[in-house]
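Construct all of the structure, not just a fragment, from the sequences and the given hints.
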Amino acid sequence: MEDARIVVAVEAFRRGGINIVLADNGSRSVYRSTSRVIQETAISACLSAAKVVIETEGKTDVVKRIDPFSSENQPSKYLQGKFVVSRVATQRVAEGHDHLEVFLADSEKPDGPDTAFNVFDPLLQRMFLSVFQWRISPGAQRIPINVVFDGKSLVGVKIGDL
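Just so we're on the same page, our numbering is the position in the sequence shown counted from 1, plus 47.
Hints were generated in silico from the structure; no laboratory data involved.
Keep in mind it's a predicted model, so treat the numbers as computed, not measured.
Backbone N, C-alpha and C define an ideal beta-carbon position, used for all residues, glycine too.
For lysine-lysine, the following DSSO-like pairs were computed, each having C-alpha atoms within a straight-line distance of at most 30 Å:
id, residue 1, residue 2
1, K129, K156
2, K111, K124
3, K156, K199
4, K156, K124
5, K124, K98
6, K111, K98
Okay, the calculated beta carbon distance ranges per label pair:
id, residue 1, residue 2, range
7, F116, D158, 32 to 40 Å
8, T162, S74, 33 to 41 Å
9, T107, N72, 22 to 30 Å
10, P157, G198, 24 to 32 Å
11, Q138, R83, 19 to 27 Å
12, G143, K199, 19 to 27 Å
What follows is the structure, encoded as structure tokens:
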């Protein structure tokens with residue numbers, strides 16, 4: 048059985064799965080999943096600096112299972128990024144479809160001006176809501192993240208040290 052390793056990062060892209068980055072003793076491994084349950088578990092593990100064991104589908108990098116783990120009592124030291132989610136809102140378009148609106152601010156000036164982005168992808172919505180809800184103690188600081196743009200469209204979210 049493999050030793051447990053720290054989830055140092057997760058990244059997700061619009062219409063795609065999630066990449067899960069594990070690290071120990073200076074080495075890193077990247078695993079992938081399109082399972083919503085595995086994705087949400089990996090996000091929680093990353094935010095809480097949990098040590099996990101990942102089982103894969105054969106000799107691939109596709110996650111079959113994340114073995115039982117406990118979250119740490121403090122946030123991950125690997126959390127870094129250029130942006131923070133300062134506010135969130137929901138919107139409904141004329142066709143009746145709801146989506147998330149996220150407001151991103153500079154992580155160096157989290158109470159400064161922010162910019163709104165519409166997020167339609169369910170996985171990206173979950174990533175943004177997770178970092179918005181998970182505050183770093185003490186002082187209720189916001190979690191820094193990185194985002195990926197295609198022109199002016201937001202197409203990816205990265206939590207942690209990539």
